[in-house]
Amino acid sequence: MATRRDDGLEIPKHEIDAFLRSGEHDLAFRVWPGNDFLARAQSGNAVLRRALVSTVRERTQHATLPEALTNMDTVAFTRVKVTPMVRGLFPATEQERVLDTLARSVVFMTPVTIDGVLEQTPWLRTAWNLANLYLADFDAELLADDAPYLAGLSEGTTCYLSAGYFDQSGCFDDFLVHEAAHIFHNCKRVTIGLPETRRKEWLLEIDYGKRETFAYACEAYSRIRELSDSSKGLLRLLAEHEQGPMPPDERVNVDEYMDILREAVTARNGWKRILQRCSPPWLVQTPNQSYEASLTFEVVPFGTIVQSSQVVFADCS
239 MATRRDDGLE IPKHEIDAFL RSGEHDLAFR VWPGNDFLAR AQSGNAVLRR ALVSTVRERT
299 QHATLPEALT NMDTVAFTRV KVTPMVRGLF PATEQERVLD TLARSVVFMT PVTIDGVLEQ
359 TPWLRTAWNL ANLYLADFDA ELLADDAPYL AGLSEGTTCY LSAGYFDQSG CFDDFLVHEA
419 AHIFHNCKRV TIGLPETRRK EWLLEIDYGK RETFAYACEA YSRIRELSDS SKGLLRLLAE
479 HEQGPMPPDE RVNVDEYMDI LREAVTARNG WKRILQRCSP PWLVQTPNQS YEASLTFEVV
539 PFGTIVQSSQ VVFADCS
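Heads up, the sequence shown stops at 555 in our numbering, and the numbers go up one at a time, no gaps.
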C-alpha cells in the first residue's frame, strides 16, 4: 500500500510503518521515488523523519520544558561538570580546546529541542532511539515494546541526554560525565583543531572492550571527587559505592571496575590511572609514565546505553 504526495509521487506506507515499529529501514531505499540512489535516499530519509517527528509530537502533547532547564546555560553547566576530568586526562596545552568541545556537546531532549534532533541526527536509527528516550521521559507510549531504555547517547561530538538527568537520585550517577567520556574515543584530534601524528590521531586510546568500563569509572570517580577531597572521605565513599548498585551493563566486569576505582582514589592523578587501566594491551604504560605521547581513538557505531542519573545529588554521607 502507498500514499501519494502533493506532487503525485507514491510514498510506501509499509516502509514508514516498519520504521516506526522497529527503527529499521532499507539502506538502499529501493522502494522510494527518485532516479538514483541519492534522490531515493533523500526522499526516504525526509519522509521517515517527518513521520517520526509527527508520531512523537502526537504522543507527547502534554510535554513541557522541565523547570531545571528553564533559563539554564547548558554550555556553562556542562563545562563545570567535565572540567576535572579534562584537567586530569589532557596536557595543559590541550585542555581549553577539549573543554570548549565538551562544553558545547550536550543536548537535553526537551520539547524545545526534539524536532531539531530527530531531523538532524546523522543516522535514522539514532533518531529512532532518541525518539524513544524522549517518549520514556514523558511517560508516553514507546515506538516498540522492546525499545532500549536510554538515559543518554553519544554520537560523534554530541551527547544527547534525557531531561530526567535532573530527577534521579543515584549518589554515584552522572550520565553527563559518562557520555562526555565517550567523546574521547569518538573524536579525532584534528576535528577540534589539535595536531595529530601517527600515534595521536584521536583524543584518547581506549580499549574497545573497556569503553563502557572507562565511562562508568569516570562517572563514579567524578562523583566521588565532587563529594569529598580528603583521603578518608574518598575511601569512605568508595566503600559506600561498593555496597550499592553496580553498573547495569554486561560489558562491564564489576570486579575490574571496582579495582580501577580503588586505584584511582589512592593515586595522585586518579583520572590517568583510569585511562591506564582501560588502554589497549599494546599500549605499554606504567603509573609514572606520561599519557600524552600515545593518545589515539576508535569509533563507536551507534552510541551508548546508560542508566538514569542526576545532577542535583543528595548528600551521600
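Just so you know, these hints were derived from the structure itself, not from any lab. Mixed in with the good hints, there may be bad ones.
[Said to hold, decoys possible] Here are the in silico distance ranges between beta carbons for each label pair:
#, residue 1, residue 2, range
1, Glu478, Tyr387, 24 to 30 angstroms
2, Lys251, Ala306, 38 to 44 angstroms
3, Lys251, Thr435, 32 to 38 angstroms
4, Glu439, Thr504, 45 to 51 angstroms
Glycine included, each C-beta is placed from N, C-alpha and C at the ideal position.
How the hints compare with the structure:
Checked against the hint of 24 to 30 angstroms, the C-beta distance between Glu478 and Tyr387 comes to roughly 26 angstroms, which is consistent with it. Checked against the hint of 38 to 44 angstroms, the pair Lys251 and Ala306 passes, with Cβ atoms roughly 40 angstroms apart. Evaluation of the 32 to 38 angstroms hint for Lys251 and Thr435 yields a failure: the beta carbon distance comes to about 52 angstroms. Range check, Glu439 to Thr504: Cβ separation about 32 angstroms, and the 45 to 51 angstroms hint is violated.
Going through the hint list in order, the structure does not satisfy hints 3, 4.
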